[in-house]
Amino acid sequence: MEKHKNRVVLVGGGSGGHFYPLISIAEVLTRQPAPEAIPALYYMGPTPYDTEALNKLAITYRYCPAGKQRRYRSFRNTLDLFKVMAGVCVALVQLFRIYPDVVMSKGGYTSVPVVFAAWLLRIPVVLHESDAVPGRANKFCARFATYIGIAYPDIAEFFPEKKTAYVGVPMRTELLDEPTTEGRAELGLHSERSTLLVIGGSQGAERINELILESLDELLPQYNVIHQTGADLFDTAVATAQSLITQTSLLEYYHPVAFMPPQMLNEALHAASVVISRAGSGSIYEIAAHGKPSILIPIPEDVSHDQRTNAYAYARTGAAVVMEERNLQDGLLAAEIGRIMGDQQMYGHMSTAARSFGMRDAAETIAATLVRIAVSHH
1 MEKHKNRVVL VGGGSGGHFY PLISIAEVLT RQPAPEAIPA LYYMGPTPYD
51 TEALNKLAIT YRYCPAGKQR RYRSFRNTLD LFKVMAGVCV ALVQLFRIYP
101 DVVMSKGGYT SVPVVFAAWL LRIPVVLHES DAVPGRANKF CARFATYIGI
151 AYPDIAEFFP EKKTAYVGVP MRTELLDEPT TEGRAELGLH SERSTLLVIG
201 GSQGAERINE LILESLDELL PQYNVIHQTG ADLFDTAVAT AQSLITQTSL
251 LEYYHPVAFM PPQMLNEALH AASVVISRAG SGSIYEIAAH GKPSILIPIP
301 EDVSHDQRTN AYAYARTGAA VVMEERNLQD GLLAAEIGRI MGDQQMYGHM
351 STAARSFGMR DAAETIAATL VRIAVSHH
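Using our numbering, read the sequence shown as starting at 1 and increasing by one per residue.
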């Protein structure tokens, strides 16, 4: 008799913070020593999000519509309610065809139809919540879950105790590799200087870009500055830097990058002494895994409450300081960098706190849970 091959459906989206942790889990699932032990993987959602990432791991995409319920009154909420119902119907058909052994949900509005349909079909569901405040989708879907992984211990109170575990955030394997001589050389850094790494997210952050550019005259005499600007903001950042830096010889210490793929980001994190970043949970865990003190500048609360909550939850560990975007004025960011770099005891405490927080095995933990549940579901 042919041995049953496990089937796992991945769902969750709307942003890279939902999608790429799923890819991290899939990477672990595809590293099984025996080929027959590697599960068949599927991703369901309104779009493939990143076709290249799916193809690399042989993940099959299946279309499933979804609707977003906004926090404010809008006619689109009514329209999207029909999308949710349509999504449940499509998910029922798709899941019945695949009939997976387990569904792995990362949350986000795209997950709701699939999780609900899985519950109707009695397919086990594993949830993961990355943020320090639970998303509405995960709070709703928790009642249907067999297992819930969380990234911040404080949010355990929002979920059933017996099926909730503190696991951290799954990270891409390339972000956990040891540094290489070649990778460091490609960054083009001056080894006699400390390095600052600025990451405003994959799309960049216009206000963080402005703050860094305004501070370059103070920073470049002392530090290398690696600056991920975002692809759309790269040309503007380069032109602005060239016009603002009064001592042009300092430009060799400024390293603007439109976007850093995982391998390059890993090398930059190893090289950095301090990281200036937005406060998405993925970024926080990547910084923590490398034991780097950080300055977090969350997206303003009227745009995203999650990042501010994440930032302060992480800062309470002693690993980071939080600077509110609205309070940042000329010289304040450079002064805070100088305070951290100038106090060895403070720097050491922040680094130790970061390493203590940075759980590196979340993807392995969740993958093992998926395999265990899948086997028991046969």
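Everything labelled a hint here was simulated from the structure, so no lab data went into it. It is possible that some hints are incorrect.
As the list claims (entries may be wrong) - Mimicking EDC-like on lysine to aspartate or glutamate, the simulated pairs with C-alpha atoms at most 16 Å apart in a straight line are:
{"no.": "1", "residue 1": "Lys139", "residue 2": "Glu161"}
{"no.": "2", "residue 1": "Lys5", "residue 2": "Glu36"}
{"no.": "3", "residue 1": "Lys139", "residue 2": "Glu157"}
{"no.": "4", "residue 1": "Lys56", "residue 2": "Glu27"}
{"no.": "5", "residue 1": "Lys139", "residue 2": "Asp154"}
{"no.": "6", "residue 1": "Lys56", "residue 2": "Glu192"}
Note to self: Name the hints, by number, that the structure is in violation of.
What the structure shows: Failing hint: just 6.
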